[in-house]
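Engineer: Chains A and B, in that order, are what the protein sequence lines are. For the first sequence, counting from 1, position 365 maps to 365 in the working numbering; every step adds exactly one. For the second sequence, counting from 1, position 101 maps to 508 in the working numbering; every step adds exactly one.
Hints listed in this document are in silico derivations from the structure and should not be mistaken for laboratory results. Among the clues, some could well be false.
[What the hints assert, rightly or not] Distance windows between CB atoms, simulated: (1) L478/B with L242/A: 45 to 55 Å; (2) I125/A with V543/B: 42 to 52 Å; (3) A553/B with R348/A: 51 to 61 Å; (4) V280/A with L478/B: 55 to 65 Å; (5) G333/A with G526/B: 37 to 47 Å; (6) A539/B with G350/A: 33 to 43 Å; (7) W435/B with G68/A: 47 to 57 Å; (8) E463/B with G265/A: 44 to 54 Å; (9) P23/A with G526/B: 41 to 51 Å; (10) P23/A with A493/B: 15 to 25 Å.
None of the values given here were measured: they were computed from a predicted structure. Even for Gly, the Cβ is constructed at its ideal location relative to N, Cα and C.
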Amino acid sequence: MRTPPGEPVPASESVRRAPLRPPVTSESFASPLHDRRAAAWLGLSLGIAFTTCFATGLLSHVIQHPPGWFSWPSRPAGLYRITQGLHVATGIAAIPLLLTKLWVVYPSFWTWPPVRSATHAVDRISLVPLVGGSLFMLFSGVANIAHWYPWHFSFPVTHFWVAWITIGGLVTHIGAKLPVTADVLRRRGRGAGVEAGSGGRSESAAAGDGLSRRGLLGAAFAASGVLTLVTLGQTVRRLDRLGLLAPRRPRTGPQGLPVNKTAIGARVIAAANDPAFRLVVGGQVRRRLSLSVDDLRALPQHEATLPISCVEGWSSTATWRGVRVRDLLEMAGARAGATVRVESLQKRGGYRASTLNEQHAADVDTLLALDLFDQPLHIDHGFPVRLIGPNRPGVMQTKWVTRLVVR
Amino acid sequence: MTTLHSTTRGPPESDGPDGHGSPGRLFWPAVALGWAVTAVGVWGMISDAARTQPGESARFVLGAAAVHDLLLAPVVVLVGWALARAVPARARGPVQAAVMVSAVVALFSLPFVRGYGRGPTNPSLLPRNYGAGLAVIVAVVWVTAALAITLRWWKARARPQP
Chain A
1 MRTPPGEPVP
11 ASESVRRAPL
21 RPPVTSESFA
31 SPLHDRRAAA
41 WLGLSLGIAF
51 TTCFATGLLS
61 HVIQHPPGWF
71 SWPSRPAGLY
81 RITQGLHVAT
91 GIAAIPLLLT
101 KLWVVYPSFW
111 TWPPVRSATH
121 AVDRISLVPL
131 VGGSLFMLFS
141 GVANIAHWYP
151 WHFSFPVTHF
161 WVAWITIGGL
171 VTHIGAKLPV
181 TADVLRRRGR
191 GAGVEAGSGG
201 RSESAAAGDG
211 LSRRGLLGAA
221 FAASGVLTLV
231 TLGQTVRRLD
241 RLGLLAPRRP
251 RTGPQGLPVN
261 KTAIGARVIA
271 AANDPAFRLV
281 VGGQVRRRLS
291 LSVDDLRALP
301 QHEATLPISC
311 VEGWSSTATW
321 RGVRVRDLLE
331 MAGARAGATV
341 RVESLQKRGG
351 YRASTLNEQH
361 AADVDTLLAL
371 DLFDQPLHID
381 HGFPVRLIGP
391 NRPGVMQTKW
401 VTRLVVR
Chain B
408 MTTLHSTTRG
418 PPESDGPDGH
428 GSPGRLFWPA
438 VALGWAVTAV
448 GVWGMISDAA
458 RTQPGESARF
468 VLGAAAVHDL
478 LLAPVVVLVG
488 WALARAVPAR
498 ARGPVQAAVM
508 VSAVVALFSL
518 PFVRGYGRGP
528 TNPSLLPRNY
538 GAGLAVIVAV
548 VWVTAALAIT
558 LRWWKARARP
568 QP
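Take these sequences, add in the hints, and give me the full structure.
Structural biologist: Here is the structure:
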């Protein structure tokens, strides 16, 4: 039998042993790992992980829906690949940390009496947006990268708003738990020598009894590490062979590149293959252009090696060739510093058009690509012509482009 | 449930929101700020109801907490309780860690292994055999645990206790 750790029983605890106690209370949980030091370390890690997810998610949101004060640069070309890769990888790594944290503090769920004071009530009710929101964010995120939609709401919109609900819960929780977390971390720093002695003893005593606290934290972080290692191959090509649970492989797909929206899914097959296809450059221009695919191929061609960086966290670098958007703008007599709305043959859907801000429109690597890896684009990659530019989310690399509207 | 033997020790945060009985100076400002941020999220959900389907979304958020607290967590606690009794002391730690890691990886792998999102038109999505991948990961985890147990046994033999 396990001997209970030698902490004194608060007097109030024994007073509270009233006849009305339910069969399960927070004291029913025997494991010494339901402990505030484990909670503090996991809480700190989750705080960092969720803040990273929130910041990178918010960034991805304002890149796609830029407010007036925000302008996303076109350089460095691979920046979005990193921020969004980090968003997805951090969310995945947070899964074991969240589940372990919830297990460590689970006895508190059965606290008796359920509410002791106004402060305690507020503290507990604030856990609803935090716990429900955290589980929702990680579940919906994983489901989305697996293209699994067992719901009717829009994933990006709902994931965005629930993030605010969750972060609000996190702010309240940090306010409530900062003193105890700081206390735990401070004690570790101050009494390192003493702690090593007594801590070492309790660690080995606990070892015969199952996982020690260090063992529990180690297992939680090991699980995070395993999940990271077996999924990161979707964006880091050198880890592709380890990517046993990665939803994508950077070199698997038509022409060796993954596809998110297919031509069938976008219902553009007929329009994309129509010989009457024309790319129109209109809007605020001096000369409206209407160009066939042959016309486009007759213009100066430029090559760029750029990543496709999907919001779902996968990315893959490819070599593209086509016409510079800035050359087309010059041909059409657009003003300097113009912005461009790029429209697809796709008739419907939230991603049928994207906007090139001033810097993206002027970048020498922003192309209307006709070729991928020296071959004409596969229809799933946007045949006959697609947008590809540096430092853009994949959903803003519009495929099957039929119109540039200059503003 | 009385078989879950009671200890005299309280749960980690039984003394108050900060574990010390007093809420701390930051508590009420954090409550005000936190609930304001949460309110922004709720307002956003409601103001874009066509796309967020507030009723359904709320069911998912609250349902996630309920499923965890009333179903998943009790199952984990019972499994942990059984493990603590069924597994010999020397192997217990590595076995608990291996169960933990394999369970989390298996849970994560579910939508990939089941291939819910697979469609006939996009072979680049979920291109691997995820069931086989999961089996490899779980095998590696348990081989590691077996090595850890062997190492402990070896150490205990080499250094006999007085």
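Engineer: Each hint should be assessed against the structure and marked as holding or not.
Structural biologist: A quick look at each hint next to the structure:
1. L478/B with L242/A: 45 to 55 Å: violated, 33 Å
2. I125/A with V543/B: 42 to 52 Å: Given about 44 Å between the Cβ atoms, the range holds.
3. A553/B with R348/A: 51 to 61 Å: holds, 55 Å
4. V280/A with L478/B: 55 to 65 Å: holds, 56 Å
5. G333/A with G526/B: 37 to 47 Å: For G333/A and G526/B the Cβ distance comes to about 44 Å; the hint holds.
6. A539/B with G350/A: 33 to 43 Å: holds, 35 Å
7. W435/B with G68/A: 47 to 57 Å: violated, 35 Å
8. E463/B with G265/A: 44 to 54 Å: violated, 24 Å
9. P23/A with G526/B: 41 to 51 Å: holds, 48 Å
10. P23/A with A493/B: 15 to 25 Å: holds, 23 Å
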